[in-house]
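Visitor: Add chain B to chain A, keeping to what the hints say.
Order-wise, the sequence lines are chains A and B. Position 77 (the first sequence) corresponds to 77 in the working numbering; numbering is contiguous. Position 206 (the second sequence) corresponds to 549 in the working numbering; numbering is contiguous.
Hints are computed from structural coordinates only; laboratory data are not their basis.
The following label-pair restraints were derived from C-beta to C-beta distances:
no., chain 1, residue 1, chain 2, residue 2, range
1, A, P277, B, A489, 14 to 22 Å
2, B, A489, A, N301, 25 to 33 Å
3, B, R613, A, T300, 42 to 50 Å
4, B, K361, A, H285, 46 to 54 Å
From the derived model, a few chain A residues whose C-beta atoms are all more than 12 Å from chain B:
no., residue
5, T69
6, A87
7, K210
8, K333
The C-beta atom is built at its ideal place from N, Cα and C for all residues, glycine as well.
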Amino acid sequence: MITNNKEPLLEVKDLKTYFFTENGIVKAVDGVGFKVYQGEILGLVGESGCGKSVTAFSIMKLLDYPGKTVGGEILFKGENLLRKTDAEMRKIRGKDIAMIFQEPMTALNPVLTVGFQISEALLMHFKISKDEAIKKTIELLKKVGIPMPEQRINEYPHQLSGGMRQRVMIAMAMSCDPILLIADEPTTALDVTIQAQILDLMSTLLREFKGSLIMITHDLGVIAEIADRIAIMYAGKIVEYANKRTIFYSPLHPYTFGLLTSIPRLDIEMKRLNVIPGIVPNPLHFPEGCKFNPRCRFMTNRCKEEEPQLIQVEEGHLVRCWNIDKVAEEVKKELLVGECEYK
Amino acid sequence: MIDSLLKVDNLVKYFPIKKGVFRRTVGWIKAVDDVSFEVYEGETLGLVGESGCGKTTTALTILRLEEPTKGQVIFDGRDIVKMKKSEMRKERKNMQIIFQDPYSSLDPRMKIKDIIAEGILTHNLLNHQERYKRVGELLEKVGIPAENMDSFPHEFSGGQRQRIGIARALALEPKIIMCDEAVSALDVSIRSQIINLLKDLQKEFNLTYLFIAHDLSVIKYISDRVVVMYLGKIVEIADKKELFTNTMHPYTQALISAVPVPNPDYKKERIILQGDVPSPANPPKGCRFHPRCFKVMEICSKIEPKLIEIKEKHFCACHLYNEK
Numbered sequence: 001m002i003t004n005n006k007e008p009l010l011e012v013k014d015l016k017t018y019f020f021t022e023n024g025i026v027k028a029v030d031g032v033g034f035k036v037y038q039g040e041i042l043g044l045v046g047e048s049g050c051g052k053s054v055t056a057f058s059i060m061k062l063l064d065y066p067g068k069t070v071g072g073e074i075l076f077k078g079e080n081l082l083r084k085t086d087a088e089m090r091k092i093r094g095k096d097i098a099m100i101f102q103e104p105m106t107a108l109n110p111v112l113t114v115g116f117q118i119s120e121a122l123l124m125h126f127k128i129s130k131d132e133a134i135k136k137t138i139e140l141l142k143k144v145g146i147p148m149p150e151q152r153i154n155e156y157p158h159q160l161s162g163g164m165r166q167r168v169m170i171a172m173a174m175s176c177d178p179i180l181l182i183a184d185e186p187t188t189a190l191d192v193t194i195q196a197q198i199l200d201l202m203s204t205l206l207r208e209f210k211g212s213l214i215m216i217t218h219d220l221g222v223i224a225e226i227a228d229r230i231a232i233m234y235a236g237k238i239v240e241y242a243n244k245r246t247i248f249y250s251p252l253h254p255y256t257f258g259l260l261t262s263i264p265r266l267d268i269e270m271k272r273l274n275v276i277p278g279i280v281p282n283p284l285h286f287p288e289g290c291k292f293n294p295r296c297r298f299m300t301n302r303c304k305e306e307e308p309q310l311i312q313v314e315e316g317h318l319v320r321c322w323n324i325d326k327v328a329e330e331v332k333k334e335l336l337v338g339e340c341e342y343k
Numbered sequence: 344m345i346d347s348l349l350k351v352d353n354l355v356k357y358f359p360i361k362k363g364v365f366r367r368t369v370g371w372i373k374a375v376d377d378v379s380f381e382v383y384e385g386e387t388l389g390l391v392g393e394s395g396c397g398k399t400t401t402a403l404t405i406l407r408l409e410e411p412t413k414g415q416v417i418f419d420g421r422d423i424v425k426m427k428k429s430e431m432r433k434e435r436k437n438m439q440i441i442f443q444d445p446y447s448s449l450d451p452r453m454k455i456k457d458i459i460a461e462g463i464l465t466h467n468l469l470n471h472q473e474r475y476k477r478v479g480e481l482l483e484k485v486g487i488p489a490e491n492m493d494s495f496p497h498e499f500s501g502g503q504r505q506r507i508g509i510a511r512a513l514a515l516e517p518k519i520i521m522c523d524e525a526v527s528a529l530d531v532s533i534r535s536q537i538i539n540l541l542k543d544l545q546k547e548f549n550l551t552y553l554f555i556a557h558d559l560s561v562i563k564y565i566s567d568r569v570v571v572m573y574l575g576k577i578v579e580i581a582d583k584k585e586l587f588t589n590t591m592h593p594y595t596q597a598l599i600s601a602v603p604v605p606n607p608d609y610k611k612e613r614i615i616l617q618g619d620v621p622s623p624a625n626p627p628k629g630c631r632f633h634p635r636c637f638k639v640m641e642i643c644s645k646i647e648p649k650l651i652e653i654k655e656k657h658f659c660a661c662h663l664y665n666e667k
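Isolated chain A (complex conformation):
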């Protein structure tokens, strides 16, 4: 699915989004860059506070005070979104780029019917009558698997279950046939069986729309299933960027490696979980040098002094680390892969 020879649909270059708080400047996103091609699914992975959601909000230009994008470029079909006016952004948002939020209960307006909320975008972006918009809304709800859509359009969000609400969110995002979809932890609030339904629905719809998706999640399982390419974020920066197989089989950043060996999983029997010691650093006081160095088992003096750059180690595999060789050795020894003991 990955096509390298074409122009990327979205290219984020050296994005910097800072929050100017009373206590100081929080560099939530500090020099993030990636490309998304047509039809591709990019997974943006990291723990809470690593800046993955802020990246998404920066692309959509939905940041609230005190957050501000202070540098970089967001090229969407070759045009820099950061230079667009609010009015121009409104035409793009929802139509070309749409977003699915994590918490469907807070993302939907509780005092408006779901039908109204979905048809709102349609009426705004297309010249169609109300009746046509409602007809299209019913079609959309049918497509995302909501039974009896004719009645559901007159219901309010609280009358729907969590899974149903997330389906409504997806219908809303898909309503204007966007070519880029950003999903911010779309299944985190859901139960596993419902999560399976929603992931299944999303991949079916994506295949149909031939659109691209940026999937933001902390769940490596979800990412293994859905993504083509993966960017691992830590403390506002991308620390590793590669295609899915490379990330899971031959990671080169200690953080990626640590994450992969610290999760309990169904496919292999694990004796003892690996541990990444310590905690995510406070964004007001990031450590000097490599931001991961206080938690890193491969740490050397250089890591404390000098911050590594994101360097291409092979075609399409970028890593931000000084000790790639040592990590590679350990990965070979320790990373368990693929023997499916339980079927």
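Guide: Quick look at chain B alone, frame taken from chain A:
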């Protein structure tokens, strides 16, 4: 396996639904409906199910933080449901709980040393000096430097707070600890720290865990035996390995197949269940899973299957296995 430390027999917990000016009871939420299982000494029993299946209510009812509607809970040979309040308070010394949310489960106005020492004080076990010495030991045990004992909860991160919650549960040297989604709210890198800590403590103090979680990967890693619940009922109980290799109940099969595995080449057939979990106020007739079941038969909507031992130590409540 030795004797059972905890035996839950036909445990029932209904919550009334009240309506109108006079708060008349118009129905019942059948949160836990006739649940029986045993927990053996020194083991970790995993209790898994989706939200609303009654797993937390089960734990709270066992501790009598919620009064059971019916049923028996035999702990250490005595039925704690029949105990007086004062007796029960003493018995809780042996049964502790770790909660899901490390933010709301610690009193923000208490120093952590007082949070941890509260149980020791209530049960009048140690004098002032010994008490705080013990708190210091407990903190070191869970990986927090003892000199931080005068701090308040807000000074700690989520993972550290969960460690404080664990120290509090350990303070009275309990026999059993209920871990109610104790690692669910934590980030990936912190979660493995806490899971390893719980395992180490279990070995050191010979603890018994009732480990409640919705995440099957965690359950598979930490449990010895697993209980699967659906809508207030137990659908399957088995040893961990047996449950994952020889899954019987269609719901358990669907649940396992739905878990995303962090392995790009892990091929499996995913069973996608249709619809949502029904409301426990009005559960379906017959087998509660039948409206979503992919192996549904005629009998399923009429007669409720009983939980029976189909293989040695493998219990399942499904009509598929009843004919034999």
